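Student: Top line first, the protein sequences correspond to chains P and L. The working numbering applies: residue 1 is where the first sequence begins, and numbers increase by one. The working numbering applies: residue 1001 is where the second sequence begins, and numbers increase by one.
I should point out that these hints are in silico values taken from the structure, not numbers from a laboratory. Computed from a predicted model, the values in this text were never measured in an experiment. Every residue, glycine too, gets a C-beta built ideally from N, C-alpha and C. Just so you know, nobody snuck in bad clues.
Derived DSS-like pairs (lysine-lysine); straight-line CA-CA distance at most 30 Å:
no.	chain 1	residue 1	chain 2	residue 2
1	P	Lys31	L	Lys1215
2	L	Lys1215	P	Lys259
3	P	Lys347	L	Lys1347
4	L	Lys1270	P	Lys367
5	P	Lys293	L	Lys1347
6	P	Lys259	P	Lys293
7	P	Lys215	L	Lys1104
8	L	Lys1318	L	Lys1272
9	L	Lys1272	L	Lys1246
10	L	Lys1293	P	Lys259
Every beta carbon over 12 Å from chain P, so not counted as near; a handful from chain L, in silico:
no.	residue
11	Cys1082
12	Pro1091
13	Glu1128
14	Thr1174
15	Thr1207
16	Phe1227
17	Thr1233
18	Lys1365
19	Ala1381
20	Gln1413
2 protein chains.
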Amino acid sequence: MRAEIITIGDELLIGQVVDTNSTFMAQELNKIGVEIYQVTSVHDDGDHIRRAVSEALDRVDIVITTGGLGPTKDDITKHVLCDFFGATLVPSEEVKQHVHNLYKYRPEVLNRLTETQWLVPDKCTVLENRVGSAPLMVFEHAGKLLFSLPGVPQEMEIAMREQVMPYLAEHRPTNETIIHRTIQVTGIPESALAIHIEQWEDALPSTMHLAYLPKDGIIRLRLSGYFDKNDTTAEQQIDTQMAHLKTLVAEWLIATDDKPLEVIVGELLKAKHATIATAESCTGGKLAALLNKHAGSSDFYKGSVIAYSNEVKANVLKVRQEYLDQFGAVSEQVVVSMAYGVKQVLKTDYSIATSGVAGPSGGTKDKPVGTVWIAVATPEAVYSELLHLNGSRDQITTRACTKALTKMIKYLQD
Amino acid sequence: MRAEIITIGDELLIGQVVDTNSTFMAQELNKIGVEIYQVTSVHDDGDHIRRAVSEALDRVDIVITTGGLGPTKDDITKHVLCDFFGATLVPSEEVKQHVHNLYKYRPEVLNRLTETQWLVPDKCTVLENRVGSAPLMVFEHAGKLLFSLPGVPQEMEIAMREQVMPYLAEHRPTNETIIHRTIQVTGIPESALAIHIEQWEDALPSTMHLAYLPKDGIIRLRLSGYFDKNDTTAEQQIDTQMAHLKTLVAEWLIATDDKPLEVIVGELLKAKHATIATAESCTGGKLAALLNKHAGSSDFYKGSVIAYSNEVKANVLKVRQEYLDQFGAVSEQVVVSMAYGVKQVLKTDYSIATSGVAGPSGGTKDKPVGTVWIAVATPEAVYSELLHLNGSRDQITTRACTKALTKMIKYLQD
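Next up, chain P with everything else stripped away, as it sits in the complex:
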């Protein structure tokens, strides 16, 4: 079964907001075998929304729109859908009660604009928006379904999980399943990798498809397989192919799934009952934030020192002043001392340190923008590496984190 997503809002088309909603929805729908055929971002404009909805309903069985359900004038999705499906807006006592409950402790939110939130089209099913005032609407049209969800990511996510997915499971059970498997490799160019695994790739059955996703020095290889839901050998079929692929790329394999590198680091640390800290200069807290992003990080993460200034490097991380004076902050001596220092000060088993020139200014002839030293400390030793990275400030710091985490994984796996 195929679906399309239509994201509604001028903010998406002037580059003010990145569309993360369709990413989340695609992930959820893929899990139950619903393939996203197309994502379309359109303006808060009646004709535009109508055309996009009409075309999508021609192509696929399920259409989900997000956005344009707020109480303000620029939000028109409800009216446009009402018109499109030939419905009339009528007050809903249920939605009214819900909105009153929602704002029980914030009566100032209840006003004549909020009141429009409990007007709903008479030709739709209303699902509860547990965390917001905009009603979730489901329209049936010639055997097809259209869901209208809010554009605020938090409301949309809860609506998808608690309402849309159960509704689809009940009303449009699918006979298909899509299985994705991803591994991550590093240290080989994309084209060389493609040649290396060409024979295997060419011999894949027509129901499987390989994609190359290079990013920040890592190539993710994703194998997707399309199966009948009742095919009990589906998992086995795709895993057999993946096992072969893993053998072929063993030399460059960094992860056997699509987990972020920081999650892999966390899992390896937890398995060892070990702890980690970071000492960051150029990455400025990005490594710490990555390691803490996911639930359960307090099991292995104790803390970090973000040492942007030399003073902090010397006073808190106990980097020797003569190293800073003689070799500069961006040097092997300093980054190794930082890794060692933070491990001592925060009493952890492992640590990662970074010191570099993230740019755009601050580069010199000897140490141009993109020069980054990283160090990884284990209970036994400290390992350092000099990187020459390209790109913007954000890309340089992101790649430094990727490299540092990759290095950490290597020593944790040893």
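Following the hints, complete the assembly by docking chain L onto the known chain P.
Tutor: Chain L in isolation, oriented as in the chain P frame:
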């Protein structure tokens, strides 16, 4: 003049990758008065790409595609466009030389797949892709333009800035200009705000349009105006309206432009020649990473201590052990001590501290998930606040950062 963006790649439609390319391209094109009418994400599939290109060229004057230009089998954009425009692939000596130069020090990248990169359609103009091997292509079709760019964000960004924008300025100069102005407010519900400014909004000229963009407790109000490029009063017209709006919302105004809060904090600190540090528990480095995200942060940012464990809070930040024992880590006493401690240890003028339960586990009856204490220290005093936040771990920590930065701005402006 209107444009459309077509992003090509299965990874966008299975939710593996967030489309940040179209955000960047929309921003760039808006600056020269080109309005993005629609963004469409399609599969690496010939028929799908052809239909999307054909429909977009029917609607607008400029179409930009990204993605599908890699050397591997799953990348087919070049072949599809060649076919669509009735062109033939021919070798380009120029692109060949460029690719050889690009991989001068990495000869292992030159192989028979890379060789396909210097095959280009004979009916297109080839622009230089300075940082990658895929040629940038421009097709002319019935007076309209189609650009084909790589999907790797770094390559696409450089291609847009260095090739597409100058090409458009020369070949399709526009007579229009679009001006956006954004302010940020906090502390008033969206609907109450809309009612408060309704009279002003209704009286706007038809060439101007207001949008409400609520996110993480902040509402951005964006006023967009469409003008003739030669209208010398355009800036003045929109600024006059904005001045009126600012007066109306003065009570809730937090920023008079669209700058991220951390940038505003940085500018206010620089103006005072003052420095800042952060002491983070639940936000785990997110505040530090935000403050360091932008160039020039070393002017005001000295460092941070990410104190996830109580041990680090006590040993490094000098939080009194009896506070930790008596009140717990998530308490006013501890967060105030953290803010004070980091200011002392890192010798800064200002500091921000956070301590809370980010979830999903770790909540108790007294301190459920979402309970976050924040503190802001100035040279004179420490101010704390208790937050009750909703959402996922990521949302809770993001909102805590937003609240903390908002509070810091308040005291920096005083």
